[in-house]
Amino acid sequence: MARRSHVQTTLNGETVEFLCEPRQSLLEVLRDELHLTGAKEGCNNGNCGACSVILDGRLVNSCLVLGVETEGKSVETIEGLAEPDKLHPIQDAFLENAALQCGICTPGFIMSAKALLDQNPNPTEHEVRYWLAGNLCRCTGYDKIVRAVLDAAAAK
Amino acid sequence: MPIVAIPSLLRNLTNGKESITVPGTTIREVIDNLETRYPGMKARLCEDDRIKPGLAVYVNGLLTRGSILESVDADAEIHFLPAIGGGIAAPK
Amino acid sequence: MRDFSYIAATTIPEAVALLDEKGENARILAGGTDLIVQVREARRDVDWMIDIKSIPEVNVLDYNADTGLVLGAAVECYKIYADDAICDAYPGLIDATTIIGGTAIQGRAGVGGNLCNASPAADGIPPLIVLNATCVIAGPNGERELRVEQFCTAPGQTALEKGEMLVSMKIPAPASNSSSYYLRFIPRNEMDIAVVGAGASVTLDDAKQTIVSARIALAAVAPTPLFAEEASALLAGREVSDEAIDAAAQAAQAIARPISDMRGTAEQRTHLVGVLTRRALNGAIQRVRDAA
Amino acid sequence: MLENKDYKVIGTRPIRHDGVDKVTGRALYGADFQAAGLLHGRVLRSPHAHARITSIDTSRAEALPGVKGVVTAKDLPDAGDKVADLGEGAVNLKHLCDNILASDKVLYKGHAVAAVAATNPHIAEEACTLIDVEYEVLPPVLEVRQAMEPDAPLLHEHLKTTSLGETADEPSNVASHIQHKLGDPEKGFAEADVIIEREFVTGTVHQGYIEPHNATAHYNQDGQLTIWCSTQGAFTVREQVAEILQYPISKIKVVPMEIGGGFGGKISVYIKPVAALLAKKTGKPVKVLMNRADVFEGTGPTPASFIRVKMGATNDGKITAAEAYLAFEAGAYPGSPVGPGAMCIFAPYNIENVIIDGYDVVVNKPKTAPYRAPGAPNAAFGSETVVDEIAEKLGIDPLEIRLLNAAKEGDRRADGPVHPRIGCIETVEAAKAHPHYTAPNGKKHHGRGVASGYWFNIGLESSVTINVNSDGTINLIEGSTDIGGTRASIAMQAAEVLGISAESVNPSVVDTESVGYTAVTGGSRTTYATGYAAYEAAQDVKRQMIVRAAKLWEVDEANVQFADGEFSSINGKEEQISFRDLCARLGETGGPIVGSGTVNPGGAGGAYATHVVDVAVDEETGKVDILRYTAVQDAGKAIHPSYVEGQIQGGAVQGIGWALNEEYIYNAEGEMTNASFLDYRMPTCLDLPMIDAVIVEVPNPGHPYGVRGVGEVPIVPPMAAIANAIYDAIGVRMTELPMSPDRLLKAMGKI
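Protein chains in written order, with this note's numbering: chain D, 1 to 156; chain U, 1 to 92; chain A, 1 to 292; chain V, 1 to 751.
Okay, chain D solo, but in the shape it has when bound:
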C-alpha cells in the first residue's frame, strides 16, 4: 500500500491536516477522514454533482479530485456555508421554495448555485439551467430548484 501522505489544506476557512492514501478522493477524505458527510456520493464518476464542493474558488466534483491534490489549497463545503445564527441566502431560498424532496442532491445543488451566483449574481433561467446541468435531482423535476436559485439571486 502506498504510504499515506500528510496534507494540509484550508477547509471552510480553517486550516486542517489529514493523512490519506493517494487513491482516496477528496470526497472520501471529507467523509471518511474529516467526517464532513454533507457532500454525497451519487455516482463517483462526475455525472451527478452530489459531491460538489468549491476548490480554490472553483466548483468541482470532489469525487474527481484526489485528497492529496488539495495540499495548500482552499476547500469550501456545504458545512461552511451558513453563519452560526443565519443560513446562507441560497439555503433560505431552497427552504422557502420547497426546492428539495429527499435532500440527497441538495448540498451539491447549493454549492453549485453558490459558485454560479459568486460569479454571475443575476443569471437568467437558462444560465441557471446550464450551470446546474451537472447536478442531477430525481425528485423535484428541477422546477423549484431553478426558482430557488433565481430567488436567491434576486434577494442578494
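Just so you know, these hints were derived from the structure itself, not from any lab.
Only a predicted model underlies this, so the values are computations on that prediction, with no experimental measurement involved.
Note that CB positions come from ideal geometry on N, CA and C, so glycine has one too.
It is possible that some hints are incorrect.
As the list claims (entries may be wrong) - Some chain V residues close to chain U (C-beta under 10 Å, calculated; not the full set):
id: 1; residue: G165
id: 2; residue: E166
id: 3; residue: L182
id: 4; residue: E186
id: 5; residue: P340
id: 6; residue: F456
id: 7; residue: I458
id: 8; residue: S596
id: 9; residue: T598
id: 10; residue: G602
As the list claims (entries may be wrong) - Not close to chain U: a few residues of chain V, all C-beta gaps over 12 Å, as computed:
id: 11; residue: P47
id: 12; residue: D360
id: 13; residue: K444
id: 14; residue: E461
id: 15; residue: A616
id: 16; residue: P689
Chain D is fixed; fit chains U, A and V onto it per the hints.
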C-alpha cells in the same frame, strides 16, 4: 345476500356465471358457502384459512385489509383481485 | 480502486524523467476527470500518477493576435472561455470547452487532457483539428511538434512515446474573414458523450460569398477523431451554397466508419455526420458574416 | 360529503421540519453512518446474465491482509428446508434468498454471488477480484416475447404458470396469467364504427434515485442485530431480513436513516442481509455501500413490456369496447407489476365491454421492483396513444373524447369494483380550460399532446404517537421514512386537529423499537395513512385534554368543547383555556399526555392526472425538446401544496425521461452497457422547462381531510402525452419506448 363477482379465470368453476349471490356475514362465510356450491373455489382463493398471498379483497369498491374475518353487509359486492404492487413489498 | 503513488512534478524535466523511469504504468494527472474514473473502474492500470499542474509551462494561456494561441496542456476549460479575446478568435474551441462535462467538470478538465485521453468522441479535438493546432511534446530527447490530427492513434492511444508528455498546443492566429464552429449531437442537452461531433473552420473572401478555405473534423465516427480532408478540400474556391455544403457533408459521411454502441447506432451516426457537418459549416459561415 | 373548507394549517406552506438539516448538510443518510471499528463490505457480482455456479473459492480473498470475512449463499439459512413449512410461499422465500446471494444459478449480470468485509473499501473491492467463481454459462433470455416461446431456455426448472390459484403442468418462464373481463367485448367491437389496434414495446427503466443503497449492520454479543440504512420502510426491512436470515423480528432493530430517494426501489432488500451476515462473521459493524453500477445492475428496475391494445368507438366518440394484452418482464424472479398495469389500463374510461389479459414472465434481468405507479405507465402508454388515434380518426378533440367517456363515481372498473368519488372528469376539464391548452399550437415541427392516467393509491398500516410538551408543542413520533417532505404533511394534520401551528409539532421518524408498526413509504400512502394516524393520535390527545380541562374546571367532560385551539366550557360555568396553557397544567391534572393513533384504512381513493405537453421535433436528428408542460392532478386535499406540486413535477419529469431516453441497453450476452448516469441519460435541468403543476381537489371520502395519495399517478401520463405530441408535430406514431432520437429517425424513414 352479498354478491360475489367471479373473476373470469374462476368462471370455469361456476359454469360461466359472472356473479353469484351467496349468504354470509364475513368473507370466510361467503367463501365457505361458495365452496359448498362450487367445489374447488376455496382452494383457488385461500391458503390455510387465509386469503392467498397476492390476492386482494374489495368490498363495495373499497380495498379491505385482506382478511377472511372482514364482515360484509347483506347487500355487499365482493371482488377478488390481484393485490396491487403499489410501491408495496412482495406479499408476506 | 487500485493502489497507486502520487507525485507532484514541478518542472518538465522532472515529469519527463519520472515518465521515462516508471514506464507504461505512469500517467500524467492534469484535470483527472477521465483518468481518475478510468483507474477507479479498472479500465486503466496506473501505478504512478504524475501531477503536472504545478509546472508553469502547462499552465500557459497566451493569446496574441499576430502569433496565435499557446494553450498549456493543463489549462482548465473555464479559463479558456473566460478569456474574451480567445472567445472572439476561436469560437469553435469555445463551443467545445463549454460542453465538455458540466460546470464542475469544466473547473478541472482541459483541452490538453481531452486530447491525451484520446477518446474517439472527444469534443475538444475536432476544434483543434479545424484550427490547425500543433502539439508541443516534451520527451527525454527534448521537444518536438506534431500536428494535432496525428496525435491520436487509436481509442485511448496517442503518438506519445515512452517518457513523452504533452506540454501545450499552438493554434495559429485566425485569418481575416474566418471563423470556426463545433457542435455535437447528444440525446440530452448536456452531460452526454457525443454521438457524433463535427467541427468546421472557414475563411471567406472579403465579400463573404466565396469560401477561400475550410477544414472539417469529426468525432465519434472512427477509432480517432478525423480530419475530413477531402470534404474540406471540396469547399476551397466554392461559392457559399447549399450544394457546396451538401457535397462536403456527403464527402464527410463517406469517411465515417462508425460503430453501433449504447450511445448510438452506426446508421444514426452516418446520418448525423451529414446533418452536423452542414450545421457546423453553416454555423462557421454565419459567424464570419455576423462579424463586424 | 367533504367540502373544501378553510383550514388553519392544512393548505399552507410552512418550512419543512427537516429542512435546515438538509440544506446545511447535517442530515444523516445511510452512507453517512459512522461507528468505531467499522468494517467496509463489498459485494462480488456475476459477470454473466445466465449461468450455473459450479464452484466458489474464497481462500485467496480471505488471505488478503485487511480482509476480515467473506460470505456466500452458504452462509444463508437453507431456504430449501422451508418448503414444507411454508407451502407455496416457500418458493418465494427461495427466490428472496437467491436474489440476496445466488446459491445455484446466477440469473442476471450483477447478481450478487459473494461479499467481503475489510478494513477499508478499497481492500474489500480488491478482495472481490480474488474470489474464484467458476460458471457454466447458459444462454440468456432477454426479452419477454422470447421468454414466452415454448422452446425458450428456462430460468427456473420448477416454475409453472399459475392462473388465479390453478397451476399448469409444464414448466415455463410465464409465472402467472391474470384476466379481467367485463361485459361482452365481441358485441362491443361489433358496435364500433372505428377500431384501432396497436402493439407497443417499452424498455426497462430504473427509479434513478441519487443515493445508492447502503446498510450498516452490527450484532451484539446477545444476538441483537441492528441495521442502520436508507429504506422506504424500516419495518419491511425487519420482516424481510427476519425471513431471509430466519431470525426473530424481536432480535432485529432497524434504524432508518435519511433516505436519498426511492420511488419504490428502496423497499426490497439487497445488501442489508449481506451486511448482517458479514457483521455476524466478523463481530464488527460492517457498512456495505453500492456504487452506481451496482444500483443499475443489482437492484430492481421497472419492467420492459410488450402490450397490445385494441379499442373501438362509435362515430360520436363513445368507446364501446377495449381489449388489452400485457406481457411484463418480471426479471429474474416472478413478481412484475402486470397486475396493477392490467387494472389501470382503461381506468380513466367508463367502458362496458372489456377484456384484459396479463402475463408475468421471468427473463435474465434484475428482479423488477416497484417504481412509481408500477405497471400503470407502461399500460397507459398503449391505451392513451390508442385513444388519441381514435379521437383523431373521429375528428374529436382529444380531451373532449376523454370527457365523453370519463370514469365517474358509480361506474364499474374493468376489473370489477365500482368507482367511489373520483376526480377524473375534473382533471380533464381543468386541462381543457388551462391557458396552455387554449394557447395556439401551430409552428412547424411543434406538436401538442395530452394523456390521462390513473393510480389506485393504497392504505395499509400506520402508527403515530404524540407526546404533549408543557410549552404547548407536541412531539410526533412516526415510522414513515420521509422521502419528500412527509414530516411536514403529517405534522400539519395533527396541528390542524389541535389548533396549533405546524411549527409547534416536532416530528421524528424513529426505529422499529420506538413506534408501532408502519408499512412502507410507498403506494402514495404516507400523507394519507400516516397522516390519518396522526389525525387519530391528535384526536386522542384532544380527548384526553378535554378530560383535563373538565378536571381543572370541575365540570362534566361533556360540557367541554375544543375549537380554534381553545378549550371552553359550556352549559353554565364560563371557562376558557388555550391548548398551550392547558399543556402547562398537565402535571397537576393527572400527568403527561401521550396520544396514539393506529390505522389500516381501506378508502385510499384513487387519483387521476391529465397532462398537456408541447414538443419540438428536430426532423434531421430525431431529437425531441419539451417546450411546455402542464400536469393536472386530483390531490383530494393538498395538505402542503408546495410538496404536492413537487411530487407532480418530479413524477412528470421522470416520465419525460422514460419517454425520451431512459432505458437499459443490453448486448447479446445480456450485459447492460449503459450502467452509469452518463449513459442512462436521466433528464438534467437543461432538458426541461418549468413544469406547471395544477392541483385539483376532489376530496377523498376515505380520509378526514379528503387526502388522496399524490406521489405516483404523475408518472402515468407523460409517455403517451409526449408520443401524441410527437405525432402532432411530425405525423409519426411512436409505439416504442423510449422515443429516442435513433428510433424517431427510423420511424421517420431517415435511417
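The hints, checked one at a time:
At a threshold of 10 Å, the smallest CB-CB gap from G165/V to chain U is about 3 Å, leaving the interface hint in force. Given the 10 Å rule on beta carbons, the hint for E166/V holds: about 7 Å separates it from the nearest Cβ of chain U. Interface restraint check for L182/V: the shortest CB-CB distance to chain U comes to about 9 Å, inside 10 Å, so the restraint holds. The interface hint given for E186/V is broken, as the beta carbon of that residue sits about 14 Å from the closest beta carbon of chain U, more than 10 Å.
Taking 10 Å as the C-beta cut-off, the interface hint given for P340/V holds, the closest approach to chain U being about 5 Å. Given hint, F456/V at the interface with chain U, holds; its Cβ is 5 Å from that chain's nearest Cβ, closer than 10 Å. For I458/V, the interface hint holds, since its Cβ comes within 10 Å of a Cβ in chain U; the closest pair sits about 5 Å apart. With its C-beta approaching chain U no nearer than about 19 Å, S596/V sits outside the 10 Å limit, and its interface hint is violated.
For T598/V, the interface hint is violated, the least distance from its beta-carbon to any beta-carbon of chain U being 13 Å, above 10 Å. Hint on G602/V holds. Least Cβ distance to chain U is approximately 4 Å, under the 10 Å limit. Against chain U, the non-interface label of P47/V holds: every CB pair exceeds 12 Å, the least being about 27 Å. With a minimum CB-CB distance of about 10 Å to chain U, D360/V fails to clear the 12 Å threshold, and the non-interface call is violated.
Interface exclusion of K444/V from chain U stands, the closest Cβ pair being 42 Å apart, more than 12 Å. Not every CB of chain U lies more than 12 Å from the CB of E461/V, the least distance being 9 Å, so the non-interface label is violated. At roughly 34 Å, the least C-beta separation between A616/V and chain U is larger than 12 Å, which holds for a residue marked as non-interface. Distance check on P689/V: its Cβ is at least 28 Å (rounded) from any Cβ of chain U, clearing the 12 Å threshold; non-interface status holds.
Going through the hint list in order, the structure does not satisfy hints 4, 8, 9, 12 and 14.
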